[in-house]
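Engineer: Protein sequence lines, in the order shown, are assigned to chains A and B.
Every letter in the first sequence is one number past the one before it in the working numbering, and letter 56, counting from 1, is 56.
Each position in the second sequence, counted from 1, maps to that position plus 113 in the working numbering.
Quick caveat, the hints were computed from the structure, so don't treat them as lab data.
Among the clues, some could well be false.
As the list claims (entries may be wrong) - One side of the interface only, derived from the structure: several residues of chain B facing chain A at Cβ under 7 Å:
1) 157
2) 159
3) 210
4) 211
Beta carbons are placed, not taken as given, at the ideal position from N, Cα and C, and that holds for glycine.
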Amino acid sequence: DARVTQTPRHKVTEMGQEVTMRCQPILGHNTVFWYRQTMMQGLELLAYFRNRAPLDDSGMPKDRFSAEMPDATLATLKIQPSEPRDSAVYFCASGFEDRAGYTFGSGTRLTVV
Amino acid sequence: DAKTTQPTSMDCAEGRAANLPCNHSTISGNEYVYWYRQIHSQGPQYIIHGLKNNETNEMASLIITEDRKSSTLILPHATLRDTAVYYCIVRGLTSGTYKYIFGTGTRLKVLA
Numbered sequence: 001d002a003r004v005t006q007t008p009r010h011k012v013t014e015m016g017q018e019v020t021m022r023c024q025p026i027l028g029h030n031t032v033f034w035y036r037q038t039m040m041q042g043l044e045l046l047a048y049f050r051n052r053a054p055l056d057d058s059g060m061p062k063d064r065f066s067a068e069m070p071d072a073t074l075a076t077l078k079i080q081p082s083e084p085r086d087s088a089v090y091f092c093a094s095g096f097e098d099r100a101g102y103t104f105g106s107g108t109r110l111t112v113v
Numbered sequence: 114d115a116k117t118t119q120p121t122s123m124d125c126a127e128g129r130a131a132n133l134p135c136n137h138s139t140i141s142g143n144e145y146v147y148w149y150r151q152i153h154s155q156g157p158q159y160i161i162h163g164l165k166n167n168e169t170n171e172m173a174s175l176i177i178t179e180d181r182k183s184s185t186l187i188l189p190h191a192t193l194r195d196t197a198v199y200y201c202i203v204r205g206l207t208s209g210t211y212k213y214i215f216g217t218g219t220r221l222k223v224l225a
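Assemble the whole structure, with the sequences as input and the hints as a guide.
Structural biologist: Set out below in structure tokens:
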């Protein structure tokens, strides 16, 4: 089965450091999402790309977070500077917008100390 | 997107059918009902979706009421591996986007 690949799986970093999370969507999918999951807030949508163009990043803290798709095989989510409250699991998902469901990656578990 | 309401948790005996309800009373005509599940520490997994007709696939069946204000996901023969959080999502075209808004879901525990 085709997969969405996220790297790294785990990341521990110190407060103030830059963190970059990567996602390789399934080849051919035209839509990519980034979600963040915490115990308190559940799954929150951070960013949404269609054909590599950002459509919605209203859920993302703009001062420190940025999301890009430099090409069709790579999506990145960057946090600079990181803070302890950014500790969460970050999921990437890809799919075809108007068809059956999206495929999620296994997530990046980020811990900021 | 329409808000959905699900029970917080449910138990089901292994081998029995698990019926997970979802209320979406404000759903509009072009919005689909999607179900995902999340097994501990994994990413959400797509199960099934529908507009107004009942749907079935290898994982589950989806029953949508005629007025479309509620639906039920049915796992016909639940196994221990079906223990997970199940999310019911209503998704339509909003401001040019088809985004999902996840709620808190139903935590299904399948008991041996």
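Engineer: So, for every hint listed, does it hold in this structure?
Structural biologist: Tested hints:
1. 157: Check passed: Cβ of residue 157(B) comes within 5 Å of chain A, closer than 7 Å.
2. 159: Result: holds, 3 Å to nearest chain A Cβ.
3. 210: Since chain A brings a Cβ to about 5 Å from residue 210(B), closer than 7 Å, the hint holds.
4. 211: 5 Å, holds
Checked against the numbered hints listed earlier, the structure breaks none of them; every hint is satisfied.
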